[in-house]
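Line by line, the protein sequences are chains F and A.
In terms of the numbering used here, the first sequence has 549 at position 549, counting the first letter as 1, and numbering is strictly consecutive.
In terms of the numbering used here, the second sequence has 487 at position 487, counting the first letter as 1, and numbering is strictly consecutive.
It should be emphasised that the hints constitute simulated quantities derived from the structure, not laboratory data.
Incorrect hints may appear among the rest.
For chains that are exact copies, the list does not tell them apart, and a pair is met inside one copy or across any two.
When the alpha-carbon atoms are kept at most 25 angstroms apart in a straight line, the in silico SDA-like pairs for lysine to any residue are as follows [claimed, not checked]: (1) K535 - G507; (2) K474 - L556; (3) K31 - H286; (4) K31 - R233; (5) K545 - D503; (6) K296 - L258; (7) K474 - H286; (8) K474 - H422; (9) K31 - R292; (10) K296 - F25; (11) K474 - P236; (12) K31 - F219; (13) K296 - R233; (14) K296 - A21; (15) K474 - H290; (16) K296 - A82; (17) K346 - D448; (18) K31 - I234; (19) K535 - A30; (20) K31 - P236; (21) K31 - L287.
The primary structure of each chain is shown beneath.
There are 2 protein chains.
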Amino acid sequence: MAVLNSHEIVAMFLALGVLLASARFFGELAKYLRQPSVVGEIFAGILLGPTILGTVAPAWVEFLFPRGGGSALVLDGLTTLALVLFLLVAGIEVDLSTVWRQGKPAMGVSISGIVFPFIIGFVAAWFFPALLGRGEAVDPLVFALFFGCALSISALPVIAKTLMDLNLYRSDLGMIVIAAAILNDLVGWLVFSVTLGMIGTAGTGGLGILSAAGLALVFAAFMLTIGRWLLHRILPWMQARKSGAGGVLGFTLALALLCGAMTEWFGVHALFGSFLLGVAIGDSFHLREHTRETIKQFVSFFFAPLFFASIGLRVNFALHFDWGLTVIVLVIACIGKVAGCRLGAKWTGVFPREAWAISFAMNARGAMEIVLGLVALQFGVISESLFVSLVVMALVTSMISGPAIQGIIRQRVPPRFIQYLHRQAFLSRLRARDRWEAIRELSQALADISNIRADVIEAAVTAREQIMSTGLSKGVAVPHARIEPLPRPMIGIGFSPAGIDFDASDGEASHVIFMILIPKMDDGAALLIFADITKTFQDPELTQKILQTTEYNELLTLLNAPNPMDRVTGPGTAAPT
Amino acid sequence: MAVLNSHEIVAMFLALGVLLASARFFGELAKYLRQPSVVGEIFAGILLGPTILGTVAPAWVEFLFPRGGGSALVLDGLTTLALVLFLLVAGIEVDLSTVWRQGKPAMGVSISGIVFPFIIGFVAAWFFPALLGRGEAVDPLVFALFFGCALSISALPVIAKTLMDLNLYRSDLGMIVIAAAILNDLVGWLVFSVTLGMIGTAGTGGLGILSAAGLALVFAAFMLTIGRWLLHRILPWMQARKSGAGGVLGFTLALALLCGAMTEWFGVHALFGSFLLGVAIGDSFHLREHTRETIKQFVSFFFAPLFFASIGLRVNFALHFDWGLTVIVLVIACIGKVAGCRLGAKWTGVFPREAWAISFAMNARGAMEIVLGLVALQFGVISESLFVSLVVMALVTSMISGPAIQGIIRQRVPPRFIQYLHRQAFLSRLRARDRWEAIRELSQALADISNIRADVIEAAVTAREQIMSTGLSKGVAVPHARIEPLPRPMIGIGFSPAGIDFDASDGEASHVIFMILIPKMDDGAALLIFADITKTFQDPELTQKILQTTEYNELLTLLNAPNPMDRVTGPGTAAPT
Chain F
1 MAVLNSHEIV AMFLALGVLL ASARFFGELA KYLRQPSVVG EIFAGILLGP TILGTVAPAW
61 VEFLFPRGGG SALVLDGLTT LALVLFLLVA GIEVDLSTVW RQGKPAMGVS ISGIVFPFII
121 GFVAAWFFPA LLGRGEAVDP LVFALFFGCA LSISALPVIA KTLMDLNLYR SDLGMIVIAA
181 AILNDLVGWL VFSVTLGMIG TAGTGGLGIL SAAGLALVFA AFMLTIGRWL LHRILPWMQA
241 RKSGAGGVLG FTLALALLCG AMTEWFGVHA LFGSFLLGVA IGDSFHLREH TRETIKQFVS
301 FFFAPLFFAS IGLRVNFALH FDWGLTVIVL VIACIGKVAG CRLGAKWTGV FPREAWAISF
361 AMNARGAMEI VLGLVALQFG VISESLFVSL VVMALVTSMI SGPAIQGIIR QRVPPRFIQY
421 LHRQAFLSRL RARDRWEAIR ELSQALADIS NIRADVIEAA VTAREQIMST GLSKGVAVPH
481 ARIEPLPRPM IGIGFSPAGI DFDASDGEAS HVIFMILIPK MDDGAALLIF ADITKTFQDP
541 ELTQKILQTT EYNELLTLLN APNPMDRVTG PGTAAPT
Chain A
1 MAVLNSHEIV AMFLALGVLL ASARFFGELA KYLRQPSVVG EIFAGILLGP TILGTVAPAW
61 VEFLFPRGGG SALVLDGLTT LALVLFLLVA GIEVDLSTVW RQGKPAMGVS ISGIVFPFII
121 GFVAAWFFPA LLGRGEAVDP LVFALFFGCA LSISALPVIA KTLMDLNLYR SDLGMIVIAA
181 AILNDLVGWL VFSVTLGMIG TAGTGGLGIL SAAGLALVFA AFMLTIGRWL LHRILPWMQA
241 RKSGAGGVLG FTLALALLCG AMTEWFGVHA LFGSFLLGVA IGDSFHLREH TRETIKQFVS
301 FFFAPLFFAS IGLRVNFALH FDWGLTVIVL VIACIGKVAG CRLGAKWTGV FPREAWAISF
361 AMNARGAMEI VLGLVALQFG VISESLFVSL VVMALVTSMI SGPAIQGIIR QRVPPRFIQY
421 LHRQAFLSRL RARDRWEAIR ELSQALADIS NIRADVIEAA VTAREQIMST GLSKGVAVPH
481 ARIEPLPRPM IGIGFSPAGI DFDASDGEAS HVIFMILIPK MDDGAALLIF ADITKTFQDP
541 ELTQKILQTT EYNELLTLLN APNPMDRVTG PGTAAPT
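Please construct the entire structure, taking both the sequences and the accompanying hints into account.
Here is the structure:
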């Protein structure tokens, strides 16, 4: 059996250790600078690879990451494994039921957000292949298909993270974006796998062109129907056995590797197999949170950093950086995606401001585009320059997504949420023990001061809450709904010192419950109110103080008190009714 | 950069997938048969490797696990990585403070349990090197040192698992065994690393013989003092940062890889570096349970099965199996370890029955001996036949450990615990909200019916509880202590319908609390009472029924009711006082 010698083992562990340590360091730094950690992880690779360290001290790079020999092969194998496991996690996070629940707007945004950039990319690549850096001897059709895909896949993990950072993940807007991105991912990868099938990995034992693409589609159809059904039935059986959680962990990983081997054998890269397995197994509610979390944590903090940092080792980013190409790719990518999503949102009745916010959220490409670009580079479909441009495009679109959404939401003078509070809808001691009772109590209070029936309010808010819980972090929950005939937003507020479980993102019980009713025709009011509430309650001390109040005026004084968070929104403390 | 071609990627994922799936399957099967899962995992490799599948269908083995080429190298690299991470987890589980707390008996058992088998092994290997399968051209001293080590290292994970299966993990005996095994591991690995340093990996760029061994010792001393201190200070700083848990996970893994690279460079195998890092970082209570659990789960169910299964791929177990050698190794190993521990236990005042039980618990070699054997095989210190014998010895000692302990404990007619119950020490409704209050209440009740002061009882039981909590699974807790002047065991029983947190192994609150007082001079009574209580409460329905009783007679009727669990201990239902 071929084995590594001691020197190669030293090289391997040194390379892995240095790569992981730097990737994690710069990943944390990126987070600290409010950027997705993938930005920092890729930078670590660029720093350690031929681009920077290779220019300054080429001998060091050759020592750390030799281009040949056993340790180089092991590093390549390990990063391929890392990629496959990263896609497994991406697949597990795809929750198909979310898509169906979001219905029309999500479908509209998603489909239009794929078709539009795909067509723009396809046309551009078809007519200007040389300008865009087509690989040598690549079929123009394959290149055009790839370029279309490269512009149309959104980056679900980056988008989810951005929305969480902005505290919009559990808003209506957030749900539409996530659902659309999920569908987007699924369709995008399927199209890409068919494209790769068309390249057919000629000569390396793969199958023929059409059969590869055909098999990929059959495999996908199988995994999303029968495979999904089977897994949903096998999991509870496994979990009933003794070593439940760990057993399922090993089972999932083994299946992911085997599915990867199968799709790689089809000629469409191992990552599709594990991605589809992830979708199929992640969809089963029998896959426990603990198992998901263990896989996700280990992959996110061990395998993924290794993979993303290794990208920088493969290509000299300075040498292959082409200003013109990068600008073109960036412009085409942004126009295609933003316009596509904007149109889709409009057609399905989303209001303009929210539609813009959705479009910029969807514009983030992040990790996925880079994965796709790397595969295309390895298959020889694209030039190294185009790969560098795609990486830059992916990073830039991810980085501008958050600020763009914030900018759009803040275009008009933001109202403070307290102007929608009502003395009669302030319940200083909720009797409710769960969120459904809390919603009922607050519905009654709001019904008393509006001309809307309590059961209508309760039904609307409950229906919304059932789709996705509204517990924010730090003890605040914001159940809400759009109510047709309401003239302006109304907010009821209830306190629960014992806490009510609103399934909050930080796992804490909610103590301050804002129930927000928004007019059906209001554009973006919910987002502004959300943002304002979140900002106001960033300081946990405020929550503590507020919970002690039983007087409405005292509450207003506390909420109106100048605090450092106010500076962004301005002092706009309108007189509450 | 050297990359794998598509064919090699298919082979790699197929090999990994098949290996992991079979290892997990047979691992679960072994557990089902009440054996350590490592037995099943190794069997999976023997089945898939040259021993069985290679004899039946050699082409399949060559297809799945080619002996040369890129995928073979990657598999070797990955299993080396797996080994290093497995030792990281083993190191994290070494809790040095447990050793100090257990004091004399643990020290005695541990030191005598290392020195005795080491000397026997050393002498045997020194005088009969050819008989025991010394590698060609290996220094007799090195071989003798290695063979001594190979007989003296216990397998902490296997021992812990055996004790948990027998429900003895939290007994006094369990604590002594665990503490002794920890110290054993630490000393054994240090000696082995010095031995490996003496081989010096001549010719592959390692350092000189003495400097390698010296550096290993310096590194160990550094990690266990300054390194430990540093990590203990860095962890809370890191955890205060945003992505706490995941950040620490990545940090730990990166450090483990770097420490591995360093010790490999010294010439003493990468696993020492990660083992020592594990000891140093695991000792800090700042390393959160969640992080430990994530690393442990992923390593135990992904990396470890891959490593153990890969052992079977390296050696043909049938071809190199030598009956005579195996029997000799097994006999020497058992005599050395059992006699050594038995003597150590005797010298430190442990009673005979418990001393035998401790000795057989320590006799389990399991995973550690195999790791050590594999390293020695790779360094050419031992022949393939000796390696096979060591693997068999490790498996057999692990498999007989549990039954042997059970046999020793059950030698005399077991008393049923209910004969030690007292009507006056039955508290159907404890007022206590935590375990300390429960201990106080039961101490008072037991003091009333004995001639021992309540504060004496409370102090003894509390002291014992502070060393290690006594919550068993399924809602039962067994706080206990040895009390000098007691003529016979006494048991108080208290119910807490609301549940009291006794830090039980399954995380559940305890509802039925048995407080057990044992005479200082009683040999093994505590173990028998433990075993009887555990057996009686295997059925959760009994707990439910019992909690409803408030009458002492009703309670006795329920406990005396014939149930299938009784058959093992017999009906011995003596009249309770």
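Results of checking the hints against the structure:
no. : hint        : verdict
1   : K535 - G507 : within (19 angstroms within a copy, 37 angstroms between copies)
2   : K474 - L556 : within (20 angstroms within a copy, 50 angstroms between copies)
3   : K31 - H286  : between (32 angstroms within a copy, 23 angstroms between copies)
4   : K31 - R233  : between (39 angstroms within a copy, 23 angstroms between copies)
5   : K545 - D503 : within (23 angstroms within a copy, 34 angstroms between copies)
6   : K296 - L258 : both (19 angstroms within a copy, 23 angstroms between copies)
7   : K474 - H286 : between (29 angstroms within a copy, 23 angstroms between copies)
8   : K474 - H422 : within (23 angstroms within a copy, 50 angstroms between copies)
9   : K31 - R292  : both (23 angstroms within a copy, 24 angstroms between copies)
10  : K296 - F25  : both (19 angstroms within a copy, 23 angstroms between copies)
11  : K474 - P236 : between (34 angstroms within a copy, 21 angstroms between copies)
12  : K31 - F219  : neither (37 angstroms within a copy, 34 angstroms between copies)
13  : K296 - R233 : within (23 angstroms within a copy, 27 angstroms between copies)
14  : K296 - A21  : both (19 angstroms within a copy, 20 angstroms between copies)
15  : K474 - H290 : both (23 angstroms within a copy, 21 angstroms between copies)
16  : K296 - A82  : both (12 angstroms within a copy, 19 angstroms between copies)
17  : K346 - D448 : neither (35 angstroms within a copy, 81 angstroms between copies)
18  : K31 - I234  : between (39 angstroms within a copy, 19 angstroms between copies)
19  : K535 - A30  : within (22 angstroms within a copy, 55 angstroms between copies)
20  : K31 - P236  : between (37 angstroms within a copy, 19 angstroms between copies)
21  : K31 - L287  : between (29 angstroms within a copy, 22 angstroms between copies)
The structure fails to meet hints 12, 17 from the earlier list, while all remaining hints are met.
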